[in-house]
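Student: Could you put the whole structure together from the sequences, leaning on the hints where they help?
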Amino acid sequence: MYWMAASLAALAVAPLVRAQQMKAAWNGTELRVSAASLGLLSGKPLERLKDGATVAFDFHLSIRDGPAPVRRAFERFLISYDLWEERYSVTRIVRDRAQRRSASHLTPAAAESWCLENLFIATGGFDPDRLFTAQLEIRVEEPRDSNPVIGEPGVSLTALIEIFSRPARSQQQRWNLETARMRLNDIRLK
Amino acid sequence: MIAVLRFLVLLALTMPWAAGQQPEDNVNSRYTVESIELPEKFESKLSDTLRGEIKKLIGERFNPDIVDNLARRIRKELRGHRVMHKVTKGAKPESIRVVFEIVRSRGDSDIVLPRLVYHSRQNFSFGADGTIEHEGHRLSLGILTDNDELLERYSGIRGGYQRMAAGGRFRGGFVVESFRAQWNPAIQTALNAQPESGTNSVPGIYRTRLHVEPGFQLELIPGLTVGAGVSIQRFQTQFPAARDESSHALTSSLRLERRWDLPIHGLHIVEAGYNLRAATQSLDSDFIYTRHSFHGRYQFRKGKESISGAFTGGALAGRAPLFERFVLGNSTTLRGYNKYDVAPLGGSRMAHGSVDYRHDWFRVIYDTGAVFDRGGQSRVHHSIAAGITTGWKRDSFSFLVAFPLKEGRAEPIFILGMNF
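Same order as they appear, the protein sequences are chains H and A. FYI, the numbering for the first sequence is 0 to 189, going by numbering that gives the first Met the number 0. FYI, the numbering for the second sequence is 0 to 419, going by numbering that gives the first Met the number 0.
Be aware that a few hints might be false.
Claimed, not checked - Over 12 Å on every C-beta distance to chain H, these chain A residues come out as not near it, computed from the model: (1) K88; (2) P92; (3) Y117; (4) R120; (5) H133; (6) H136; (7) F173; (8) A240; (9) R300; (10) G313; (11) V363; (12) A369; (13) F371; (14) G386; (15) P411.
Unchecked claim - Pairs of lysine-lysine, DSS-like flavour, derived with a Cα cap of 27 Å: (16) A:K54 <-> A:K40; (17) A:K85 <-> H:K49; (18) A:K54 <-> A:K85; (19) H:K43 <-> A:K75; (20) A:K40 <-> A:K88; (21) H:K43 <-> A:K88.
Simulated from the structure, these hints should not be mistaken for lab results. From a predicted model like this one, the values you see are computed outputs, not experimental measurements. Backbone N, C-alpha and C fix where the C-beta goes; we use that ideal spot for every residue, glycine too.
Tutor: Here it is, written out as C-alpha cells:
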C-alpha cells in the first residue's frame, strides 16, 4: 500500500518539480542552462496552441546560495503553432522591438531549447568559486477568466453551484527545475 | 511595500513589455482568413456593426488581436455567455477558418448575497438579491436588514429594473426600496441632548422610509463611468408627532476603475469615485442640503500577499435627514469602534483612511478617521484589526478581532462575514 501511495505522490509532483534535471554552463561572462525536456508544450498550453492561440511563457532564472536569489533574469517567450506546417514559432519579447528575436519551423524540443538558449544571467562580479544553485521557474500565462465567480456585487450562488459541480480547476501551470550546488569554475565551458 | 515600490519603478519598463505582443508574433498571421463561423442563433442577436466587422475579416490576413477583440465584444453583447474561438486549417492552402464557440455561462436568473456581516456590537446585517435577465433587460428583487452602513437598522425589500444597451456601456433604470427603521437608544439620547432645535440641529428619527431612484450610468471610456439620477425619498417621522416628510435630491456620480495584471509585477487595482446628492426646493424637498462624498483605493497583489490603501471622505452642507449623515465605526471603517460610541448622530464631515494587508489567510487592518459636525470638535480615532480571511478579494469571508488604539480599557470587537 505504501509503495502505491509513494508512486502516486511521485507522479503528482513529477511534472512540477524536476530537481537535478537541469544542467548549467558558464562561458566566462554568462550562465546558461539546459534541460533534456521541459514538457512545456503539452496539456492545456498545447490545446491552446493547436487552437491557433499565442501562448506566453514567463521564464525566471536565478542563482542563489541561500533562500534569496543573488542574481536573476526574466524573459517572456511567445509560442505559436503553425497550423499548416505543424511546427512551432517562438518570439523573445524585449522592450526594444529591434532586438526581438524569433525562430520558426521548430519541433517541440527545439522550441524549448531555443527559449533556454536565449535566457542567461550575466555573471560579472560573481566570485567563480562561490557555491550556488541555479533555479528555473517557468509559468504559462493563463487566459483571463471570462466569468468570475466573485464580482463586485457579491458572491453569486449560481456561480458557486457551478464551481462545486465541476472538477476543481487546476492552478496556473508552472515548472520548477534546479541544479545541484556548484561553482562557476566547475561548469566553465572549455 | 518593497514590492509596491519596485512596481512603480518597473512600471515604465514593463508596460511596453506587457503590451508588446504583436500580431506577427503568431505564426498564423501570414495566412488568410477563409471563413468565420458563428452559431446562427447567436449571430442574429449581435448588433449590425459587430456582424459587419466580423464579416470584414474574411479575406484579410489573420490578426489574433482583432479576433480576441471581437470575442470580447461578442461576450459583451451576449451577456451571460462564454465566448471562445479556435483557428483551424482552411479548405484552401495557406488559409484558415476562425470558429467562435458560444456557451451560456450562467443562468438567466441568479441570486447574489451582496452583504453578510456580523459585528459584535451591531449584530447581523444581511442582504440577498435575486435577478432575472433577458435580452438586456434586468429585473431584481431583494430583501435586507442592515445595521452597518447607516445610523439606523433598516430592514425591508428592494427591487429595480435596468435596461442595458451599447454592449453594457449604458445602463438606465430605477430602484425602489421600502424600509422600516429601528434605532439604537443612544441616538434618541443624543437627539434629546441637542441644545435646541434650529436650522443646524439634527432632524429626528423616522419609522419607515420609501425610496425611488431613477437614473442611468454611462461608461465613457473603459473604466470611467458617469451616472446621474433623482433620489425621491418619503419617510414617516416619529417625534414630536407622526407625519410624512420628503427628501428629494439630484444625484450624480463619477467612478474610475483601472487594473493592471502584470505577469511578474503582480496585480494593481486603482479605484476612485465621487458622488454628489443635492436636495433642492425645486424638487419639493422638505430638506435642503448638498452631500459630497469621495473615495479612492489602491490594491496590490502578488502571490499570497496583498496590500490595499483606501481613503474616503465627505462633506454635508445644509440640514439633511439622518440617513444622509456620515458614519464611522462599522465593519468597513474604524473597525475597533462601535459607531454609537464614535458619534451617535454621525457627522456632516468625515475623513477615513485604512491600510489592509493580507498574507495568505492572515489579515491585518489599520484604520484612522474622524467624523464631526461643521464647526464642532474633530477627534481622530485609530484602530487595528487582525484575523483570518479566505482570500485577497474584498468579497472574501473574514473573521477579525478589532481594538481601538486609545488610552485606558479597550474592549475587542468581533467582525465576521464578507464584503468588509
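Student: Just double-check R300 of chain A for me: nearest Cβ-Cβ distance to chain H has to come out over 12 Å.
Tutor: With a cut-off of 12 Å, R300 of chain A remains clear of chain H, as the shortest Cβ separation is near 14 Å.
Student: Does P411 of chain A sit more than 12 Å from chain H, CB to CB?
Tutor: The assertion about P411 of chain A holds, with a minimum of 27 Å to chain H.
Student: Does G386 of chain A really sit off the interface, with its C-beta more than 12 Å from all C-beta atoms of chain H?
Tutor: About 19 Å separates G386 of chain A from the closest Cβ of chain H, which puts it past 12 Å; holds.
Student: Since R120 of chain A was said not to touch the interface, does its Cβ keep a gap of more than 12 Å from each Cβ of chain H?
Tutor: Holds, since 23 Å exceeds 12 Å.
Student: Beyond 12 Å on every Cβ pair: is that true for P92 of chain A relative to chain H?
Tutor: violated, 7 Å
Student: Under the criterion that the straight-line Cα-Cα distance not exceed 27 Å, is the pair K43 of chain H, K75 of chain A satisfied?
Tutor: holds, 25 Å
Student: Using Cβ atoms and 12 Å as the threshold, tell me whether F173 of chain A really stays out of contact range of chain H.
Tutor: holds, 18 Å
Student: Y117 of chain A clear of chain H by more than 12 Å, beta carbon to beta carbon?
Tutor: Holds, because the least Cβ-Cβ distance between Y117 of chain A and chain H comes to about 16 Å, which exceeds 12 Å.
Student: Compute the least Cβ-Cβ separation between F371 of chain A and chain H, then decide whether it is above 12 Å.
Tutor: holds, 31 Å
Student: Evaluate the condition: distance from the CB of G313 of chain A to the nearest CB of chain H exceeds 12 Å.
Tutor: holds, 21 Å
Student: Please confirm whether H133 of chain A is truly not at the interface, meaning its C-beta sits more than 12 Å away from all C-beta atoms of chain H.
Tutor: Holds, since 15 Å exceeds 12 Å.
Student: For a C-alpha distance cap of 27 Å, please report whether K54 of chain A and K40 of chain A respect it.
Tutor: holds, 16 Å
In this structure, the hints that do not hold are numbers 1 and 2, in rising order.
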